[in-house]
Amino acid sequence: MQDEVKRDKEVGKEVGQDEQVLEVKTREFTSKKLFWFTTLIAFAWSVFQLYIAYFPLNTVMARSIHLAFALALVFTVFPFSYDKKAHTYIPWYDWILLILGVGAVLYPFIEFYSLAQRPGDYLPRDIVVAIIAVIVLFEAGRRMIGPALGIIGFIFLLYCYFGQYMPDIIAHRGASISKLAGHMFLTTEGIFGVPLGVSVSFIYLFVLFGALLERAGAGQYFINVAFAFLGKYRGGPAKASIIASGLTGMVSGSSTANVVTVGTFTIPLMKKAGLSSTKAGAIEVAAGVNGQLMPPIMGAAAFIIAEFLGMSYTHVMIAAVIPAFVCYASLFFIVHLESCKLGLKGLESEANRAKMKILLSGVHYLIPIVVLLYTLLVAKESPISAAFNSIIVLFIMMIVQDPIKKYFAKEKVSKDDFVRGICDIFWAMVAAAKNMVTVAVATALAGLIVGSISLTGVGQVLAEVVEALAGNNILLILFLTAIMSLILGMGLPTTANYIVVSSLVAPVIMILAAKNGFLIPAIAVHLFVFYFGILADDTPPVGIAAYAAAGIAKANPVIVGLQGFFYDLRTTLLPFSFFFNSKLLLIEKVVDPNDPKTIEWISNPAEIALILTGAAVGMFAFSSALQGWFITKCSWLERAIMLAIVPFVMVPNMVMKYCDFVTSEYASYAIGFAIYAAIFAKQWIISSKNPSLRSGTPKAAKA
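Residues 1 to 703 in the numbering used here are what the sequence shown lists, from first letter to last.
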């Protein structure tokens with residue numbers, strides 16, 4: 001049993017966890033009864049989620065049970081504080097919180113028909129239960145994700161209640177305790193609103209999918225492949241970490257999980273290859289944070305974006321794919337530039353690895369991913385159906401993969417080989433449940449903020465404040481809202497991060513953009529605030545991912561965060577670019593920004609290739625300008641020219657609008673490409689005559 005416990009903990013640190021789970025210690029029970037009690041709760045939660053995926057349950061009932069499972073695990077598995085004694089048993093106060101919390105959040109399920117018959121007519125017991133539920137939820141949030149989200153939620157509740165006493169610019173009628181409790185707890189506007197609903201329907205299944213993949217061995221396979229193909233090249237470990245983070249980020253959806261999973265292996269190797277502790281940690285932070293932007297999971301935000309905007313999940317993925325790809329490609333390019341500047345070499349130990357053997361050793365891990373993408377993109381079924389089908393395929397694969405390997409190796413196959421696969425499924429389902437606790441609690445708490453906005457109309461108020469500060473300057477408006485997103489995103493896990501920034505900041509941009517005559521699709525605005533909210537993970541002083549990477553790299557977390565944010569400056573360029581040029585999101589035209597059905601999507605392969613190439617060149621040019629290096633060291637004039645290239649290839653529509661000599665978008669692309677090629681040719685010719693200019697002082701990598 002102890003081996004399974006240890007293995008379960010390892011999986012819990014690697015798979016699909018939202019940021020703060022990694023910072024919270026779980027109890028290590030000395031009692032086998034308590035251990036199996038909590039384990040079975042976690043397993044039952046996963047079973048319940050699979051059941052309602054196939055046999056749908058009433059929305060309120062499903063959300064109520066979902067949150068009850070989460071609170072049950074919070075108060076049994078995660079202690080009140082880091083007191084060592086609290087890690088070996090469940091204290092009496094946690095039993096009380098468990099009973100009160102689970103009982104309270106199950107109230108809408110138990111009283112469902114009674115509440116349905118008297119909508120808005122709340123009894124005293126309804127209000128009491130609602131207050132208990134909110135208080136317990138605040139404590140659960142404190143344990144799982146720290147105080148930040150709870151404080152924000154509490155401030156919004158105070159704002160709802162004391163609205164009539166606020167300054168005129170933000171005043172409203174106020175809400176009584178009865179109205180506030182009913183709105184936040186007994187309707188689907190607050191705690192049991194859309195954010196928790198997405199956690200119930202979509203996020204859980206994809207976290208379970210990631211946990212099963214990791215347990216099956218896919219995570220280590222991705223890392224092995226990245227190192228086998230890239231390890232021997234200049235800056236190989238850093239480049240491999242980017243690829244591995246991208247691959248794991250596709251299924252894990254957590255920047256800190258990416259950093260810890262991949263960074264534990266890659267950061268020490270980056271240091272051996274010659275990178276400083278700070279730069280090794282910062283590269284891993286940038287790679288881990290950017291993993292949140294990668295379809296199909298996008299830190300689980302993709303599902304909430306689709307739900308909030310009423311558009312298909314497939315279209316969200318399509319819109320996000322080019323920015324995500326060029327974001328990772330440009331980070332890969334930055335690592336190459338850093339390696340050239342430092343004169344780094346690859347790892348000699350990776351030079352002669354059997355690449356194809358390593359690639360083929362885990363090719364079966366791609367089967368469930370292919371099933372997922374086929375079901376979504378070709379069969380055009382729902383994300384729930386796609387995830388469920390992929391999980392079933394994974395179940396079968398995990399049961400038979402060891403026997404099949406033994407069969408082809410001409411070894412004896414026994415029933416224990418099949419049992420081992422079933423045990424792996426069990427422990428993956430347990431790990432997924434523990435990973436989901438943070439998401440469930442965070443989305444429930446975020447529901448308080450969403451409910452407050454719908455109750456008070458504070459979104460319009462924020463728009464008026466920003467307009468008062470920025471006037472009609474759209475760039476200043478975007479800059480202010482970007483800063484707001486960075487501040488609001490600090491300390492929040494991905495799902496809560498997106499919910500908060502999209503609820504508070506996205507409406508501000510939509511309102512003010514419309515006033516200034518910008519017809520911007522809502523998906524562009526939501527991705528804009530999402531990008532900046534996610535960048536809070538590596539932005540001091542709260543950057544969670546930076547602290548995780550700094551711990552592994554043994555470096556100053558603030559410096560790691562600053563360096564990581566410097567690498568991610570290219571990521572800040574993307575939201576501004578696709579705000580003004582929605583073709584980067586493959587959107588040709590939009591009639592009504594708030595109606596996704598009016599969007600015309602780009603389908604011409606040649607045009608898509610041109611947009612992708614232009615975005616890549618723009619990001620590469622921007623990266624070279626920041627790093628001061630291309631083929632060789634760049635002069636200040638070359639750096640300035642590189643910056644000038646960016647608008648020609650990233651926002652050609654805006655260049656054409658303001659530059660009379662540019663008569664079409666194609667001409668803008670041509671000018672940008674030509675200048676970029678000219679600088680390349682110039683530096684290539686010079687460096688060909690003097691190859692030493694292509695790198696700094698050589699540093700041989702250690703094997």
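Do not take every clue at face value.
[Claimed, not checked] Computed list of lysine to aspartate or glutamate pairs in EDC-like fashion (alpha-carbon distance at most 16 Å, straight line):
hint, residue 1, residue 2
1, K405, D416
2, K682, E638
3, K589, E600
4, K412, D402
5, K415, D402
6, K589, E607
7, K515, E467
8, K179, D121
9, K406, D416
10, K515, D592
11, K515, E464
12, K597, D417
13, K179, D168
14, K405, D417
15, K406, D417
[To be verified] Quick list of simulated restraints, FRET-style, between CB atoms:
hint, residue 1, residue 2, range
16, L34, L377, 39 to 49 Å
17, N472, D660, 21 to 31 Å
18, M654, T613, 34 to 44 Å
19, D121, W92, 32 to 42 Å
Quick caveat, the hints were computed from the structure, so don't treat them as lab data.
A virtual CB, placed ideally from N, CA and C, is assigned to each residue, including glycine.
Outcome of the hint check:
1. Proposed proximity of K405 and D416 is supported: the alpha carbons are some 14 Å apart, at most 16 Å.
2. Restraint check: the Cα-Cα separation between K682 and E638 comes to about 11 Å, which is no more than 16 Å; the hinted pair holds.
3. Under the criterion of a C-alpha separation no larger than 16 Å, the hint pairing K589 with E600 is consistent with the structure, at around 5 Å.
4. Taking the CA atoms of K412 and D402, the gap is near 11 Å; set against the 16 Å cutoff, the hint holds.
5. A threshold of 16 Å between alpha carbons decides the hint, and for K415 with D402 the separation of about 11 Å falls inside it, so the pair holds.
6. Our distance criterion of 16 Å between C-alpha atoms is met by K589 and E607, whose separation comes to about 14 Å.
7. For the suggested pair K515 and E467, the alpha carbons sit about 10 Å apart, so the restraint of at most 16 Å is met.
8. A distance of roughly 10 Å separates the Cα atoms of K179 and D121; the hinted pair therefore holds under the 16 Å criterion.
9. A hinted pair counts as satisfied when its Cα atoms are at most 16 Å apart, and K406 with D416 qualifies at roughly 12 Å.
10. Distance hint between K515 and D592 is fulfilled; the C-alpha atoms sit about 14 Å from each other, no more than 16 Å.
11. A threshold of 16 Å between alpha carbons decides the hint, and for K515 with E464 the separation of about 11 Å falls inside it, so the pair holds.
12. Restraint check for K597 and D417: not satisfied, since their Cα atoms lie roughly 50 Å apart, outside the 16 Å limit.
13. Only pairs whose Cα atoms come within 16 Å are accepted, and K179 paired with D168 is rejected, the gap being roughly 22 Å.
14. For the hint pairing K405 with D417, the CA-to-CA distance comes to about 10 Å; that is within 16 Å, so the pair holds.
15. For a cut-off of 16 Å, the pair hint linking K406 to D417 stands: about 9 Å separates their Cα positions.
16. The hinted range of 39 to 49 Å is satisfied by L34 and L377, whose Cβ atoms lie roughly 45 Å apart.
17. Between N472 and D660, the C-beta spacing of about 24 Å keeps the proposed range 21 to 31 Å intact.
18. For M654 and T613, the Cβ-Cβ distance of about 18 Å falls outside the hinted range of 34 to 44 Å, so the restraint is violated.
19. A hinted range of 32 to 42 Å holds for the C-beta pair D121 and W92, which are about 37 Å apart.
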